[in-house]
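Participant: Residue numbers (the working numbering), protein chains in the order written: chain A, 1 to 212; chain B, 1 to 98.
Warning: the hint list may mix true and false statements.
Said to hold, decoys possible - For the chain A half of the interface with chain B, some residues (derived, Cβ under 8 Å), not all of them: (1) 4; (2) 6; (3) 8; (4) 10; (5) 18; (6) 89; (7) 90; (8) 94; (9) 104; (10) 108; (11) 112.
Said to hold, decoys possible - Which bits of chain B does chain A cover? Going by a derived footprint, with three or more residues having C-beta under 8 Å, they are: (12) 7 to 20; (13) 23 to 31.
These are calculated hints, taken from the structure and not from any lab test.
No residue lacks a Cβ here, since even glycine has one placed at the ideal position from N, Cα and C.
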Amino acid sequence: MNDSEKALDQLKVIRSMMERATVYRALSAPAAIFGGTLAIVVGIYFYTQEKNGEFVSGTQYFWTWVVALIIGDSFNGFLLLRRAKSEGKKFFSAGLKLTFLRTAPAVIAGGLISYEAAKGLDVELCTFVWVLCYGAAILAMGEVAPRSLKRLGWAFIISGTLLFLIWMKFKAALSAVLGVDYIGSASIMMIVTFGMLHIGHGIGVIIRKAKS
Amino acid sequence: MIDFDKLDKIIHEKGRLSIMTLLSSRGTWNFQDIKEELKMSDGNLITHLRSLQKVGYLNKEKELKGRKVTNYFLTAKGKKAFNNYLNILEKIVKQGGS
Numbered sequence: 001m002n003d004s005e006k007a008l009d010q011l012k013v014i015r016s017m018m019e020r021a022t023v024y025r026a027l028s029a030p031a032a033i034f035g036g037t038l039a040i041v042v043g044i045y046f047y048t049q050e051k052n053g054e055f056v057s058g059t060q061y062f063w064t065w066v067v068a069l070i071i072g073d074s075f076n077g078f079l080l081l082r083r084a085k086s087e088g089k090k091f092f093s094a095g096l097k098l099t100f101l102r103t104a105p106a107v108i109a110g111g112l113i114s115y116e117a118a119k120g121l122d123v124e125l126c127t128f129v130w131v132l133c134y135g136a137a138i139l140a141m142g143e144v145a146p147r148s149l150k151r152l153g154w155a156f157i158i159s160g161t162l163l164f165l166i167w168m169k170f171k172a173a174l175s176a177v178l179g180v181d182y183i184g185s186a187s188i189m190m191i192v193t194f195g196m197l198h199i200g201h202g203i204g205v206i207i208r209k210a211k212s
Numbered sequence: 001m002i003d004f005d006k007l008d009k010i011i012h013e014k015g016r017l018s019i020m021t022l023l024s025s026r027g028t029w030n031f032q033d034i035k036e037e038l039k040m041s042d043g044n045l046i047t048h049l050r051s052l053q054k055v056g057y058l059n060k061e062k063e064l065k066g067r068k069v070t071n072y073f074l075t076a077k078g079k080k081a082f083n084n085y086l087n088i089l090e091k092i093v094k095q096g097g098s
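Can you make the complete structure from the sequences, with help from the hints?
Facilitator: Structure follows, in structure tokens:
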């Protein structure tokens, strides 16, 4: 082995340590698919409620989604715990702590603003806040997040912004075409973003893993 | 001509190189987290940390979080030494490729 090969070996050690030290997959692929499916189920439930003429209050909409979030996060937490155990690592690792710290501002701000919006029955605004703050929270993870998760963060920011701009301009026309009111349209947005983007992310990660 | 003799011998050892990389990638690390990440025994890790501290590449501070936690971080001298080490490695690789 010549000096150049030895140096490359040392650089490989440094690279793998850097990756292990910084990258933390806070959202596993199965949890993303599970969360996405759950979002579609809850979205369809609210959509049909409105179609059937059932009244849904803003707080009912808000708390149902919070419960869905808790279920999705619990499943993700269970998978992270299982991964930590199989790798012989602590569950509350430095990566998890850093993820919590970095995502907290966007999660807290998003939670407070969306609650006030939902209370005032402005569930579309509530949904936009969730989508944008969720994207901002993922991007706030910075170098800790793997590239695929960063892409998911950008997908939330871009789709949230586009949906917001389109909705602001064509709200009346879209409502008439889709035959939905405020709960129905908010549910469609949740299905498109939290539902489909999560499922797309999960499938993408699984495919890339299988390829590599 | 640059060769391996130019490399910092303190950093060059694999265990110490891993410690220096961890500390340079994310500021402060506590003893337990380093131990877990590198899968080293207490004794082995302490020896490497002491060697690096002795030459002034890293420093430690104790913190009370219910129990005593020892945090380690790179000093300015340590950061400079690690950067120099990387630069020399890069030059050796480039030399081999040309």
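Participant: With a cut-off of 8 Å, does the beta carbon of residue 94 of chain A approach a beta carbon of chain B closely enough for the hint to hold?
Facilitator: holds, 5 Å
Participant: Using 8 Å as the Cβ threshold, decide whether residue 104 of chain A counts as touching chain B.
Facilitator: It is violated, given that the least Cβ distance between residue 104 of chain A and chain B is near 18 Å, above 8 Å.
Participant: With chain B as the partner, please determine if residue 6 of chain A meets the hint condition of a C-beta pair closer than 8 Å.
Facilitator: Since chain B brings a Cβ to about 7 Å from residue 6 of chain A, closer than 8 Å, the hint holds.
Participant: So, as I understand it, the hint says residue 89 of chain A touches chain B; can you test that by seeing if any CB pair is closer than 8 Å?
Facilitator: Holds: closest Cβ of chain B sits about 6 Å from residue 89 of chain A, inside 8 Å.
Participant: Answer holds if the nearest beta-carbon of chain B is closer than 8 Å to that of residue 108 of chain A; otherwise answer violated.
Facilitator: violated, 23 Å
Participant: With a Cβ-Cβ cutoff of 8 Å, does the segment 23 to 31 of chain B contain at least three residues near chain A?
Facilitator: Holds, because 3 residues of the segment 23 to 31 of chain B bring their Cβ atoms closer than 8 Å to Cβ atoms of chain A.
Participant: Would you settle whether the hint for residue 90 of chain A is holds or violated, based on the nearest Cβ-Cβ distance to chain B being less than 8 Å?
Facilitator: Holds, because the Cβ-Cβ distance from residue 90 of chain A to chain B comes to roughly 6 Å (cut-off 8 Å).
Participant: Would you say the segment 7 to 20 of chain B counts as covered by chain A, given the rule of at least 3 residues with C-beta under 8 Å?
Facilitator: holds (count 4)
Participant: Holds or violated: is the Cβ of residue 8 of chain A closer than 8 Å to a Cβ in chain B?
Facilitator: holds, 6 Å
Participant: Is the hint on residue 112 of chain A kept, meaning its closest Cβ partner in chain B is under 8 Å away?
Facilitator: violated, 29 Å
Participant: Given residue 4 of chain A as an interface hint, is its Cβ closer than 8 Å to any Cβ of chain B?
Facilitator: holds, 2 Å
Participant: For the hint on residue 18 of chain A, does the least C-beta distance to chain B fall short of 8 Å?
Facilitator: Hint holds; residue 18 of chain A Cβ to chain B Cβ min 5 Å, cut 8 Å.
Consistency with the previously given hints fails for numbers 9, 10, 11, ordered from lowest to highest.
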